[in-house]
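**Student:** Residues per chain, in single letters:
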Amino acid sequence: MRRILTLFLVLFLAFAIGVSYAKDSIIVGFTMSKTGKLNAESDEQFKGLKIWEKYVNTQGGIYVKSLGKKLPVKFVYYDDESSKERVQQLYARLILNDKADFLISPYSSELTATAAIVAEQHKKIMLAIGSASDSIFNKGYRHIFQLYTPASRYLTGAIDMLKALNPRASKVAIVYEQTNFATDVCKAARDYALSKGLKVVLFEGYAPGTTDFTSFINKIKSLQPDAVIGGGHFADGQTLAKQLYEQRVKVDVVSLLVAPSVPEFAQIGKAALYVTAPSQWENGVKYNEKAAKKLNIPWYGPSVAWFVKEYKAIDRSGKEPGYHAAAGLAAGLVLQRAIETAGTLDANAVKAALEKMDVMTFYGRVKFDTGRFYGRQIGHEMVYLQWQLKGGKLEKLLVWPPEAKEANLISYKKNF
Amino acid sequence: MTKKYVLFWLLPIVLLIALYPIVTDNFLVRENIFLMLSYIVFASSMNIIMGYTGYVSFGHIVFYGIGSYVGILLINNLHVHFVIAVLCAALVAGVIALLIGEAVLRLRGAIFAIATIGINEAVKSLVANVDSLGGAVGIFMDFSVYDSYGGPDKALWIAYYAMVILTVLTILVSYFVRNSKLGLGLLAIREDEDTALVVGINTKRFKSIAYFLSAIFPAMAGTIFAFKSGNIVPDDAFHIVKSVEMIFINVFGGLGTVSGPVLGAIIYEKLKDYLLTNPTLKDLHLAVSGVTLLLIVIFAPSGIVGWFRERFKVVRGVLE
Amino acid sequence: MEALLAAIITGLLLGMVYGLAAVGLNLIFGVLKIINLSHGAFIALGMFGAYYLFQYFGLIPFVSVIPVFVVILIIGILLYFIAIRRVMGRQELSTLLITYSISLIIVGLGTFFFTTNPRSIDIPWESIRIFSVYIPATRIVALFLAIICTFLLYLFLYKTWIGKAVRAVSMNRVAAEYMGVNSHVILATSFGIGIGIAAIAGVVIASIFPFTILSGGVYELKSFVICVLGGLGNPFGAIAGGLILGLVESVLSLKIPVGIVPFIEFILLVLMLLVKPEGIFGRR
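Residue numbers (our numbering), protein chains in the order written: chain A, 3 to 418; chain B, 9 to 328; chain C, 1350 to 1633.
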């Protein structure tokens, strides 16, 4: 009896060791915010990643030439609680303990900036989604690649919208969350507004987690600007929009970051009406093989329609996917293409493939900066949406740029 | 006075723990030990003002924050060498402690505690509003800084060695303060400040020195932390919960003894790591720490070391 | 001018709510002589009480203050006899830590059960016009709620036997015991009422702002400032302190960056403690 047991044990051990040493999957590690203030956006991003996991694994995985076979993708992920402190610890764990081959960033520029340090210290490639801050990319990192249109080109369209709506507009108020992302975006928007001859009458930040904007609104009302732009992420942006409406702030354009592009923004009801937002992607964009051919770059991956269909199958609430989810899938596709091009899992080869990449997917064009802002996104473009009433229901429609619009831009003043 | 043997066993234990990741070359263990050592530094320095002198400095983390900022500004913006930056951080925090101490050390008891919380919050919101200090977004170190230390790998090890040295230094200072005239004066202040004054102790000067000493070590740890993690944000640098951790460790280990905060820190780090990684307890770690603290305060107010000391009078000299 | 008017009105409205949030802290300090570091946690519990009563029973915060107050009052009395009583009379450190540990337990359990996702109670009421200023109706209701609670507390402390006993213990515990007051019962009741009012403040705040289980911390810190401004230990001083703070915050931020306001508040806190320490203890 004992002999048989010993034999089993030996066999089991041999098996276990054998398994742990053969490379049978590509491990992609990341953290997501299952809890905390970034939960709404991070959840969407995660859905996009799940769609990619399904997409790639139903094909049998990613073909790695150097191993001569297809390897399925395996996710390892943790809850970062929307907290920076947890992120560094968890990314070190993903790299050292879980032996992740590639990393995907957490949601938000703040968390990405801290995760980037760990990725860089251990020389792991990390695809940055949910982070638009430019300032991450002038720190001399060499392994972080950004999918979002960066902050410097993020909110400039809001100024153009204001000019189109009211050519006599002269004053802009900017109120932003004191985070990497919103600060970078709003500084760029301020410079752009000044260059267009507008006066920036208010440029002030609020602490993350702010729930009371009364002081800011009192200030805005006394300065009487033509547009209020800024915001930060979902929770604060939604509250700001609500309080702007409650206290009757009469301006032409209210353009806030992130919040209005998340479907849950409609929870605040009438206060959502005529609020605009920049977006990385909306259902309604016209990215396809034809558009790729026009730019003379290759097309890669599934179509917009396929993504929307898959999203609705996962989400089940019937709402349209937003850009957070789209970027999740896009990050996966970019990684997949880079590995296929490199033909190996070696970080340096994949890095070289990413440097050379210039491709169009359902998400738009993707191309990375290789100069001083190494890894920054230079291919992708923004669109703008506005919440409008369509058949008595609140809906977000593409309103800018003019060549992509689904509806006409309406002044926020129409609310009152 | 009984002869004090505490260093003979305490230092070897700490050094053995500190050497472990160096010998095994294990990064993950190193990360954990780094945290453990930092807890020893925090708790031992807090012990000087709180344990020996009886002043609960609830906002003590302010010195860690100041140290982090001074350090990262020197290293990142002025390209000062890491070691010099650590020393400068100690200097700046020490001077600030003397100035603040001049004012708030006149307060006693809970009022002193509230005042230190106020100072921490005030400094936090000041830093968050000064653009040249990075504002609320904080400062991110340029990655090329690590190049002059032989790349990020080497830099992480340098930070680790620095923390080991700082830990030993803190324990030594804590020991010598405890077993000196200064220490006796501080204990007298803790027991009854008015009587201490009457019997001729310069309470004001003694308290200032204690406050100074307890401020410089967290500041140095702050620079090391900032150098290692490559960024610094006001909300993390001045997080009041970290002060509470320092207090917790002391109460847990044994307030007012040399070995108490050290043992407390070692056990606390293990406990916290276990709570944070255990799948069922992970989400409840705050509540579990709360219950633990409650039980300790009610049933074992003198901590682990105190518990031993009360039962085995012989070991007194070994523990203090 | 219009902006100043708006700032004054909104400042007073918020100040009253701030004041209510601080009343409990001051009551407990006055009677038990301890600083209650679980104050913010009970504010947060009140917020979640209001949230769930609204979600599942459709109770608007105006109504849910009553069940929330009663439950927290009972919790407070139990907590006093289970934990706080054991450290009464020990050093400050013990009382600070015991109340902090209660806070950790509440926030820890709250994080587990409610997560830290932001919540809000959305009552679809329109804004009301006062002069030329639009004020959300929920804030007006919050103001009345705060005034009513303060008035009821006044009636309790000055018109009922037990309230008079609370004040007697607050003034001199030993003397009150000689007069036949069972001080532990009084201390327990005071603690219960103190955190009960904190929870009411939580309900009120939840009806106007979004919140998480961690939101109490902000109001706890504000409460410290308010209590010191209004005089530590005096519950109605807290209302005055709250109104001052609300007004200062609102009017100051018209001219200076909003972010710098907390700095001014906390410097004020430290200065008050230093310059008028005897005023803080009332009489010395």
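None of these hints come from the bench; they were simulated from the model.
Don't take every hint at face value.
[Said to hold, decoys possible] Dumping the calculated DSSO-like pairs for lysine-lysine here, alpha-carbon to alpha-carbon at most 27 Å: (1) K416/A x K52/A; (2) K49/A x K290/B; (3) K212/B x K1508/C; (4) K1625/C x K173/A; (5) K56/A x K165/A; (6) K101/A x K280/B; (7) K1604/C x K189/A; (8) K1508/C x K1625/C; (9) K369/A x K36/A; (10) K272/A x K369/A; (11) K36/A x K101/A; (12) K278/B x K76/A; (13) K295/A x K369/A; (14) K36/A x K321/B; (15) K1382/C x K1508/C; (16) K36/A x K278/B; (17) K52/A x K296/A; (18) K101/A x K250/B; (19) K1513/C x K212/B; (20) K1382/C x K252/A; (21) K212/B x K101/A; (22) K321/A x K71/A; (23) K272/A x K198/A; (24) K71/A x K25/A; (25) K49/A x K416/A; (26) K201/A x K296/A; (27) K126/A x K189/B; (28) K25/A x K189/A; (29) K252/A x K72/A; (30) K201/A x K1513/C; (31) K250/B x K1508/C; (32) K162/B x K296/A; (33) K280/B x K36/A; (34) K415/A x K395/A; (35) K189/B x K353/A; (36) K272/A x K252/A; (37) K290/B x K36/A; (38) K162/B x K125/A; (39) K52/A x K162/B; (40) K71/A x K252/A.
**Student:** Need the list of violated hint numbers for this structure, in ascending order.
**Tutor:** The structure breaks hints 1, 3, 4, 5, 8, 9, 10, 12, 14, 17, 18, 19, 20, 21, 22, 23, 25, 26, 27, 28, 29, 30, 31, 32, 35, 39 and 40; every other hint is satisfied.
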